[in-house]
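Novice: Below, each chain spelled out in residue letters.
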Amino acid sequence: MNALLELSPLRRDLLVAYLAAAAVTAHILEAALPGPGPWFKPGVANVFALVAFLRLGWRAAAAVTLLRVLAGSLALGTLFTPGFFLSLAGGCGAVALLGILRLLPLGLGPVGISLLAALAHMGGQTVAAWLIIIGHAGILTALPWFLAGSWITGVINGLLTALLLGQLDRHRELLTGP
Amino acid sequence: MKILPLLAESTTPMDRLVMGISALGIVASAILTVSEPGRRVVVFRDNRPVLSLALDRDGKQEVAGRLGPVTIQVEQGRVRLLEYQSPRMIGTRTGWIQGAGRTAACVPCGIVLRVEGHPKKREGSLEFDAVSE
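Heads up: the sequence lines are chains A and B, in that order.
Note that this note's numbering has the first sequence beginning at 1, numbered continuously upward.
Note that this note's numbering has the second sequence beginning at 1, numbered continuously upward.
Treat the hints as calculated values from the structure; they're not laboratory data.
Glycine included, every Cβ here is placed at the ideal spot set by N, Cα and C.
Nothing false has been slipped in among the hints.
Derived coverage of chain B by chain A (criterion: at least 3 residues anywhere in the stretch with Cβ under 8 angstroms from a Cβ of chain A; other residues may be distant):
#, region
1, 6-15
2, 18-26
3, 99-105
From chain A, some residues computed to sit far from chain B (all C-beta separations above 10 angstroms):
#, residue
4, Ala-22
5, Ala-26
6, Val-44
7, Cys-92
Construct the entire structure; sequences and hints are all you get.
Specialist: Right under this line is the structure:
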């Protein structure tokens, strides 16, 4: 399920761009939707980074995540605001975890990877909020509740990733070319 | 589409192990952070305490945030933060908080509320009924 695609550099870059565009769109739509609570987003944008990780590798996932945070914040007018730094810290946490996972042959599928990445994303955001913005450790008392939300969204996004990978693999010839 | 068959089909044994261990870890940490009832709320502006209110006295107090006034409302042992100028109103959307250790924050305003337990049990608590800058 986790086999990387072998693509020409041009096709690879195009696929990264498509995934980044989809992630930015999801990022903007999620910001516009009313959330069930503060700091709680479905995180569907991360599905595209996971697809990039599982089919193109860690560098592609990092590119999709950073492009999503930068372009999404630019489009929303939140560049360099506290929300941008929280989003960046979450993205960096998830990408760092993916970097560790690629070195460890644990036999994880999309759901396990998505779950761990979601927890790392929330951990990164909370630590950034503590160190950079709020300045005291009181926020850590709410961390288990944030992580519970991330657990749910991580599993759901993992299932979405598995579905998307299934579709992608069915049309593999469109990506790899003749 | 059934979720459970999809979950069984889309997960590896390692995925299921990670799901179980992480769920247990989160539940355990949530149990550990369940706190004593709150006795008072301390309001921080830019990480400095500027106001302390007892939670057994209903009322409202205004503090100056970076973006304008922020109202702190105490009612029936709970407290909430009402900002008016914050772009996303995250602090207001946090709603009422009451257990010791719970926080609500309006980051753009630089205002953080922290509920504290019994003053004698917690080091560094402010030992007065109400103070404002």
